[in-house]
Amino acid sequence: MALFQRFEAAIDAGIGRRRLGYALLALIIVYLLWFPNDTSQSNYAKTVFISGFFYAIMASSWALLAGIAGQFSFGHMAFMGIGAYVAGLVARDGLAFLTAESISSVGAIVIGTVVAGLVGLVIGMLLLRLRAAYLALFTIAFSELFRIVMLTEYDYTGGSNGLSLRPLLQIADVETARQVEYYLMFALLIVCLLAMYWVANSQVGLFLRAMREDEDAASALGVNVVRYKILVFVFTSMIVGLAGAIFYSDIGSERIIPEQLEVLQMSLIIAYAVIGGMESLIGAAAGAFISRYLLEATREVVITYPFGLTTADGSNAFVWEPGAWRYALFGFVMVLTLRFMRNGLLYPFITWFSGRDLVMKETVAKRESDEDHAARQGADDE
Amino acid sequence: MSEINLELNSIVMRFGGNQAVDHVSFRIVKPELIGMIGPNGAGKTTLTNVMSGMLKPTNGTIYLNGRRIDGHPPYDVVRAGLGRTFQITRALGRMTVLENMLVPGLAIRPRANRAEIEARAHEILDLLTIDHLTNELSRALSGGQRKLLELGRLLMLDPAVIILDEPFAGVHPRLQETIYSYIHRVHEDGKAIILISHNMGAVFELSQRLLVLNNGALIADGAPQAVKNDPAVIEAYLGEDE
Ligand SMILES: Nc1ncnc2c1ncn2[C@@H]1O[C@H](COP(=O)(O)OP(=O)(O)OP(=O)(O)O)[C@@H](O)[C@H]1O
Ligand SMILES: [Mg+2]
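As you go down the protein sequences, you meet chains P and E in turn. So the first sequence is residues 161 to 542, counted in my numbering. So the second sequence is residues 1146 to 1387, counted in my numbering.
I should point out that these hints are in silico values taken from the structure, not numbers from a laboratory. Computed from a prediction, not measured in an experiment: that's the story for all the values here. Some clues are possibly wrong.
[Stated by the list, open to error] Partial pick of chain E residues on the chain P-facing surface, computed with a CB cut under 8 Å:
#1 M1199
#2 G1216
#3 R1235
#4 L1243
#5 E1244
#6 R1256
#7 A1257
#8 R1298
#9 G1346
#10 V1348
Glycine included, each C-beta is placed from N, C-alpha and C at the ideal position.
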């Protein structure tokens, strides 16, 4: 502890926490930029990172919607699905007077994003009067309906086989394709995070947090709660619509399937955000990325026995395939997080680097000295 | 001085079979300091909620400076110039005291210079003697400090008509003094204040006009001394402890 305090003091006196935090962030970004060029990494590892970026967008935008604005929606995956399905259908079948040929894949992605935003607008308006629990129920119902329609409209959507979107980029070489896909999703994550931070740090973010804390009080303080509720719904719906459309169309490697829209998948997004810290965009994003990575890494757990020991059948390691138990364990971690670290496992790091705990210490110290002062005055009075 | 013309016409608020506000009418046309009293459950808070837009009245109309405001959402009503505090304080808990002040400041003047609004917030916190809590999360405040914060947020809104629902309840005498001087100051600024309180001493000392609610009905409206001697009021309310 003493060592840590000395380290803390040295940092505060030297580079400063905030700058150290940015430096660390820059290092991570550099590493992630370099990663696909690491020849020792398999294509599979790259795929894990790519989906990590995708889920980081999902979790951080859910953090904005639920953690910052207080709108506990379970419809986030559905909006992602709207973006992906609409983009796919439009690119294949056209839209109204536009033929499929006249719509580029970029055009299809834009249309998917806009439709996700429009549906977000309608849902946002319907949900205006609903309080937390009802909002959750309504959005679960909405996303289940959407999933079932996608599942049953087999002729259009391919049912449970899913729909493959027109690729944004056609690259024959698998290696290069993965690399391009990697950078595309990484760039998208950065852009989405920047856009969301811009909103969260603006006065709109202030109003969203006020709304989360107490909607009636915010309204009585002049915050147009109707406008901001709709705004945050539309904004996050468009972000995930865009992410879905791009993720499933980029190099055409994955199909959007209704299974992705199941409540379980939505719950995973929530778990990622909660574990990382649902009131912090970067926390939720990191939570998603790290969780995805760990979930992949623990598909098969191999523990080599020490000292070259072997079992009777000659194996020198214990192999455990946790299968679905990973998710159970993961759920358990989420429950523990909610119970003991409501702000997520990354919160202590984020506050430390942002220096927010410095401000708090300062005010506590000030208050204590005020109390000393008051106590002394009280003694004088007697 | 801002224009003041608040007019309640026969306001009724019914919850199921319970008539919480029963045909209440009154007008405020100048920057008066008005006391509003009545037994528990008389309908004072409900009337406040109706006036501030949190409840839509079952019947009746409210005009503020010529604009009809009944049934309008609170954020519209407050822009029209009517603000209120909450009897049970509603601090934005996980936001700092300063942020609690900035929300109303920026909400009604979205294009204003943020630094200016922050400066104003600091000024008000100073006036209310809670400037040392500026960076504290508001959930860390004591009950009395929360009352002061409610008053501070209201000043950021700068409404022409202010309703204070029980500003003294549960507040230490020294803080009560702060609230007293706050009320005087805001009143001198040319605002109309409706002061709801069970603290008779404060109400009679501060008010220039008194409204008495009983069972949802307005049973008296006039100068405090006249109201005090009104037999109906004595029977309904003041008589109880005399
Ligand atoms: N949301 C509600 N639903 C049903 N009844 C309500 C509601 N709000 C208030 N009431 C009823 O309306 C009546 C008036 O309550 P109100 O809170 O306005 O009284 P009050 O004069 O503010 O009392 P106090 O002095 O205790 O604060 C009470 O009978 C109360 O039970
Ligand atoms: Mg009351």
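Numbers of the earlier hints that this structure fails to satisfy, in rising order: 2, 4, 6, 7, 9, 10
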